[in-house]
Amino acid sequence: MSGPVEVEYTGVRELRGPLVVVEGVSGVGWDEFATIVLDSGERRHGLVLEVDRDLAVVQVLEDTAGMNRTGTRVAFSGSPMRIPVGAGWLGRVCNGRGEPADGGPPVLGGSYEAVGGAPINPVRREPPNEPVLTGVGAVDVLTTLVRGQKLPVFSAAGLPHLELAVQIAAQATCGGEPFAVVFAGMGLTHADTAFVRDGLATRSAARELVLFLNTADDPVIERLLTPRLALTVAEHLAFTEGRHVLVVMTDMTAYSEALREVSAARGEIPARRAYPGYLYSDLASLYERCGRIRGHPGSVTILPVLTMPAGDITHPVPDLTGYITEGQIVLSADVQAAGTYPPVDPLASLSRLMRKGAGAGRTRADHPAVAAQLIAALARSRQVAELADLIGRAALSPTDLRHLDLQDAFRDRFLAQGTDEDRSLDDSLDRAWEVLLTLPRSQLGMLPADLLDTHAPPRYEER
Amino acid sequence: MTAPVDELGPVRAELLRAARAAADATLDRARADAADTLLAARTAAETVLAQARQLGEADGAKEADRERVRAAQEAWETELAVRTEVYVALRAEVRAGVRRALAREGAVARSHLAHVARAALGAEAEVRAAEQSGVTAEVPGRRVDLSADALADGALDRLGARAETLWGPP
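Quick mapping for you: the protein sequence lines, in order, are chains A and B.
With full-length UniProt numbering, the residue at position 165 of the first sequence is 165, and numbering never jumps.
With full-length UniProt numbering, the residue at position 3 of the second sequence is 3, and numbering never jumps.
Please note that a few of the clues may not be correct.
As the list claims (entries may be wrong) - Partial selection, computed: residues in chain B whose CB lies under 10 Å from chain A: (1) Arg-70; (2) Ala-117; (3) Leu-121; (4) Ala-123; (5) Gly-160.
Stated by the list, open to error - Some chain A residues near chain B, calculated using beta-carbon distances under 7 Å: (6) Glu-8; (7) Arg-73; (8) Ala-101; (9) Pro-105; (10) Leu-108.
Rather than coming from a laboratory, the hints here were simulated on the basis of the structure.
Ideal placement from N, C-alpha and C gives every residue a C-beta, glycine not left out.
Using the sequences plus the hints, can you model the full thing?
Laid out in structure tokens, this is it:
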């Protein structure tokens, strides 16, 4: 026999909703992981929410349905939840607690890591660098995702954010370097989980994917674990196994609502819109786990997806997310209404680290200039469209009319893309050029003359 | 008397020659047109055929990809199911092995397990023989399970990734 003897506590004072109040405990700490054995021999798991003298409040991950005050035994592990880590996760599909949902045995690993993660020493952080190409033109050209970056997708109910998240997870690459995707789905419907599994089947078959799927009918505390499990697995794959890892987390609003519910169960004082006051630091404890570490191979890039309730960008979840992350990809109901997929609003979207991942030696030499010029031209097009609403199209100058043409060309030739269309960066940039050349050369002042000479056809000025 | 000269003969001959020439030219043009039309039709047919072939190849490639992914998924699911069977069998074997070991003379004595249990719960702990083998001990509110199955499960959990040698490459 090796290891300390595990003491089980049998004094269950109360079963209340998802909570078990255990009495007579000693040496139990907050957030400790617990194993609960029912009279029937069934094993469940829980986390310590609160400790007061000899009382411990445990939230049961699988819920307390079927549990009895007598005959229930609770054993505390002495540490926060830890999971095995390693390449054994690749190709596996698990529920939000990390238990297999694919008919396989438990995922085993050579070592264990705490799911809470360890903070990265700030002086050992390497700035994000080099792109993660998603195969989605609007993202790759205008809001380039950089390895080690955290770039959220701001969406609203009814918009195809899950389709976009799955498309990016299915298509993303890192220029031939070892790559993996960890997909954490939170609060998904069963139809959504089926969609995610189907959409990522190819990546899963290539053993480049780890799938954590927490459904809407799973207990809420499990939803708090799901992104932490995903990030713990991702960190090991990146910093120990040397892969570039993209972590897609959807939907962070469902996560935040779970946090609010658990906070209420703990009896904490609610803050803005009843979310706990620590929502900011809790979100940061997830988002800040991305990055690159000096002396370690690989990187962790995070793409959180969140839905803005009623499309409100000032809602606490998008608001606080925006403070932590490095830009955002905003999906627009207007673009969606025009029948365009992906419905990215280019003027509201931004990747703050794009300069570190785009340009000569990274993507293509003309990329930064083309992206900047396209954004500038689209901004002008939007102004012109508003002007046309006021004074009528007939009163617009020929140049203004060209800007209206550019808006249409942008939507039809550049933005619109199939959900299974993996567009190369060259193709996307060439399309961006095609859109830009809707305008006369005089309107393309942000493009260097030599680039214009190369890309503008000989009779371009006559148009 | 000389034979009457056909003064219209040259005119007729010239008209005939011109008509024949025109007919030949029309015939040549018609033949050229026919050849052009044929060529255009053949080219168009080849283009349509090439497009159809491309579409067919693309459809076929997509379907083949889907089939390949499906086959790979099915193979992986089968492998995972077999791994589960092997893992469950290993757990059963380990449990049976621990029960046998505890039942054997000279193995870890029940008294030793009772001592371990009392060290954890206190001297007043009530120690009972477990159903299969080993002991369980209890004081009000606390319990220690040192049954054969619990010891076996703990040992298997500590084995971690080493259990993967069951299905991993040797």
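Tested hints:
no. : hint    : result
1   : Arg-70  : holds, 8 Å
2   : Ala-117 : holds, 7 Å
3   : Leu-121 : holds, 7 Å
4   : Ala-123 : violated, 15 Å
5   : Gly-160 : holds, 6 Å
6   : Glu-8   : holds, 5 Å
7   : Arg-73  : holds, 6 Å
8   : Ala-101 : violated, 11 Å
9   : Pro-105 : holds, 4 Å
10  : Leu-108 : holds, 5 Å
Violation of the numbered hints given earlier is confined to hints 4 and 8; the remaining hints are satisfied by the structure.
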